[in-house]
Amino acid sequence: MHRLLLAAPFALLATPAHAATGEAVNPWVALAYLVSGVFFILALRGLSSPATSRTGNRFGMIGMLIAVVTTLLTQIPQKTGDLANSYVGPDFASLGEILIAIAIGAIIGVTIARRIAMTAMPELVAAFHSLVGLAAVLVGWAAYLNPGAFGLLVGDGIGAVSKVEMGLGIAIGAITFSGSVIAFAKLSGRMSGSPILLPARHVINLGTLAAIIVFTALFAMAGPSETMPLIIALTVLAFLIGFLLIIPIGGADMPVVVSMLNSYSGWAAAAMGFTLGNTAMIITGALVGSSGAILSYIMCRAMNRSFISVIAGGFGAEDGAGGGEAREARPYKQGSADDAAFMLEQAEKVIIIPGYGMAVAQAQHALREMTDILEEKGVDVKFAIHPVAGRMPGHMNVLLAEASVDYDKVFELEDINSEFAQADVAFIIGANDVVNPAAKTDKSSPIYGMPVFDVDKAKQVFFIKRSMGGVGYAGVDNDVFYMDQTMMLLSDAKKMVEEIVKALD
Amino acid sequence: MDFISILSIFVLACFVGYYVVWSVTPALHTPLMAVTNAISSVIIVGALIAAAAANVPGAKWLGLLGIVLASVNIFGGFAVTARMLAMYKKKEKK
Chain A
1 MHRLLLAAPF ALLATPAHAA TGEAVNPWVA LAYLVSGVFF ILALRGLSSP
51 ATSRTGNRFG MIGMLIAVVT TLLTQIPQKT GDLANSYVGP DFASLGEILI
101 AIAIGAIIGV TIARRIAMTA MPELVAAFHS LVGLAAVLVG WAAYLNPGAF
151 GLLVGDGIGA VSKVEMGLGI AIGAITFSGS VIAFAKLSGR MSGSPILLPA
201 RHVINLGTLA AIIVFTALFA MAGPSETMPL IIALTVLAFL IGFLLIIPIG
251 GADMPVVVSM LNSYSGWAAA AMGFTLGNTA MIITGALVGS SGAILSYIMC
301 RAMNRSFISV IAGGFGAEDG AGGGEAREAR PYKQGSADDA AFMLEQAEKV
351 IIIPGYGMAV AQAQHALREM TDILEEKGVD VKFAIHPVAG RMPGHMNVLL
401 AEASVDYDKV FELEDINSEF AQADVAFIIG ANDVVNPAAK TDKSSPIYGM
451 PVFDVDKAKQ VFFIKRSMGG VGYAGVDNDV FYMDQTMMLL SDAKKMVEEI
501 VKALD
Chain B
1 MDFISILSIF VLACFVGYYV VWSVTPALHT PLMAVTNAIS SVIIVGALIA
51 AAAANVPGAK WLGLLGIVLA SVNIFGGFAV TARMLAMYKK KEKK
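Chains A and B, in that order, are what the protein sequence lines are.
For the record, in the first sequence the residue sitting at position 371 is 371 according to this note's numbering, with numbers rising by one throughout.
For the record, in the second sequence the residue sitting at position 11 is 11 according to this note's numbering, with numbers rising by one throughout.
Because the hints were derived from the structure by calculation, they are not lab data.
Nothing here was measured: the structure is a model prediction, and the numbers come from that model.
Treat the hints with care, since some could be wrong.
As the list claims (entries may be wrong) - Below, a list of computed lysine-lysine pairs in the DSBU-like style, where the Cα atoms sit at most 35 Å apart:
(1) A/502 x A/333
(2) A/495 x A/349
(3) A/502 x B/89
(4) A/377 x B/89
(5) B/89 x A/495
(6) A/349 x A/457
(7) B/89 x A/409
(8) A/377 x A/443
(9) B/89 x A/443
(10) A/495 x A/333
(11) A/440 x A/409
(12) A/440 x A/333
(13) A/333 x B/89
(14) B/89 x A/382
(15) B/89 x A/349
(16) A/443 x A/502
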């Protein structure tokens, strides 16, 4: 029955040529992959504004559907020897088995996507990255074991160029996999977020990296019979370096790591696209690769740190590198929810600065409630988001969107920083380093040079913090705590906001 | 396709990616990562070929495993992106 179904499009495609047989590839197939790649570009293009983003996502789905259906129509044999593909073994997967595999993945994927809490998005993304990485490794190995099926045979071996692409694809895929597993473990709290520093780790890492390059070169030059140990060594070392690269990186640097792994998953797909000569994979790989690279760059810039120093790791490991001396107890003012509510009501303009602490306390819904009440009372409320707030790029925006905060009220650092001078209240909830003036003044501070919010210009500063004990991620004291206009609200973020809401009513 | 044609597509796609991604609003960076995740699973194409051409016993299972992994990502990635994007709405009126 489904043979008949498959036959119809085949007739349309005129010559169902198969890449594996070395015949000219059917131009319609190549065109289909190109169209799929264009849809992926449109998917990303849609994200330029929330209004067009949903259409963009649908374009992405269409692109994927085209790629998968094209492959199914042209590559799936019905019996051994079909499509004149002599590389199909006796134990090939039938269309039914493939559809079952897709269905299993679909059920798992959709279930996770439905259930996941928005606060857990960073670890979900890390977990998804690891899957792309592992899939790339599997595809690379499959291509190595059955080069004929992928159209890679030159004489009795695989062409040298194909082997380099294959080796790179496997290596990048393996790094993406193991690196993402560690990032996932750190983000989900299954592993301590603090950096784990091996002695001589730079030497070990560089050595491993060099070994991978050497093995790739040897693999490309080796004769058909001697490649197996090389590709095994290559794969194992790549898995290893993924672990080694990510374990020394601390929790606050996770936005960079997640973006970087995003980029790697793209380069892995691109390398596989080179191996298979598949346009959809190459376009996608390039898009995803540049996307991740740009996000990493944005994150690094927002912390005033170089990419190299993040990758070298260990940030926040030494206690407060510059201002490491014991902190003297300085006087600060503490307030209650009632005090805060009273002053918020009187204010004309309030700017709220959320940080990772808000996500941890799940305070976004209470915060939205507070915002609604204040707006009813005629207070102008805006949200200010630092690029590195949270554990991944855009993390705070998603949480606020989840709590149905209108995205027109949410502003980026450079767009809102000048408004603090007119603000009556700067309301800091779960953020710390991103408001620390030491970044502007103290050259010895580890966060010196990082762009921060000018909260000191606001008439009043409310700082919600669990206790005076903890310092920010960078381990530096924050002068904002001790300013005359600052009122510390020491409590769990969610509880404090709920109390303020109660007091406002 | 010869190497140079493929390389040309790749290089041009990098430039397209560069400009397209810079135009993504920072508010949507998390959905951007989720959707790039989903689309990079187009690698499923390779897994499909591998599963359908298994010439050594057991190789089919490698391919099928690859298909499952990539499908988790495709469906999960698009679904979670759709879920996030549905939240980015302007309030009708308050």
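Hint check results:
Restraint check: the Cα-Cα separation between residue 502 of chain A and residue 333 of chain A comes to about 22 Å, which is no more than 35 Å; the hinted pair holds. With a C-alpha separation of about 23 Å, the suggested pair residue 495 of chain A and residue 349 of chain A falls inside the 35 Å cut-off, and the hint holds. Proximity of residue 502 of chain A to residue 89 of chain B is assessed by CA-CA distance (about 27 Å); at most 35 Å being required, the pair is judged to hold. Distance hint between residue 377 of chain A and residue 89 of chain B is fulfilled; the C-alpha atoms sit about 23 Å from each other, no more than 35 Å.
About 27 Å separates the Cα atoms of residue 89 of chain B and residue 495 of chain A, which keeps this hinted pair within 35 Å; it holds. For the suggested pair residue 349 of chain A and residue 457 of chain A, the alpha carbons sit about 13 Å apart, so the restraint of at most 35 Å is met. Pair hint residue 89 of chain B plus residue 409 of chain A holds up; C-alpha atoms about 12 Å apart against a cutoff of 35 Å. For the hint linking residue 377 of chain A to residue 443 of chain A, the alpha-carbon distance of about 43 Å lies beyond 35 Å, and the restraint is violated.
This hinted pair does not check out: residue 89 of chain B and residue 443 of chain A have alpha carbons roughly 42 Å apart, beyond 35 Å. Taking the CA atoms of residue 495 of chain A and residue 333 of chain A, the gap is about 19 Å. The hint holds against a cut of 35 Å. Between residue 440 of chain A and residue 409 of chain A, the direct Cα distance comes to roughly 27 Å. Compliance with the 35 Å bound is thereby established for this hinted pair. Of the pairs offered as hints, the one joining residue 440 of chain A and residue 333 of chain A holds, with about 24 Å between alpha carbons and a cut-off of 35 Å not exceeded.
With a C-alpha separation of about 39 Å, the suggested pairing of residue 333 of chain A with residue 89 of chain B is violated against the 35 Å cut-off. Taking the CA atoms of residue 89 of chain B and residue 382 of chain A, the gap is near 16 Å; set against the 35 Å cutoff, the hint holds. Annotation: proposed proximity of residue 89 of chain B to residue 349 of chain A holds, straight-line Cα distance about 23 Å (limit 35 Å). Distance restraint check for residue 443 of chain A and residue 502 of chain A: the Cα-Cα separation of roughly 43 Å exceeds the 35 Å cut-off, and the hinted pair is therefore not satisfied.
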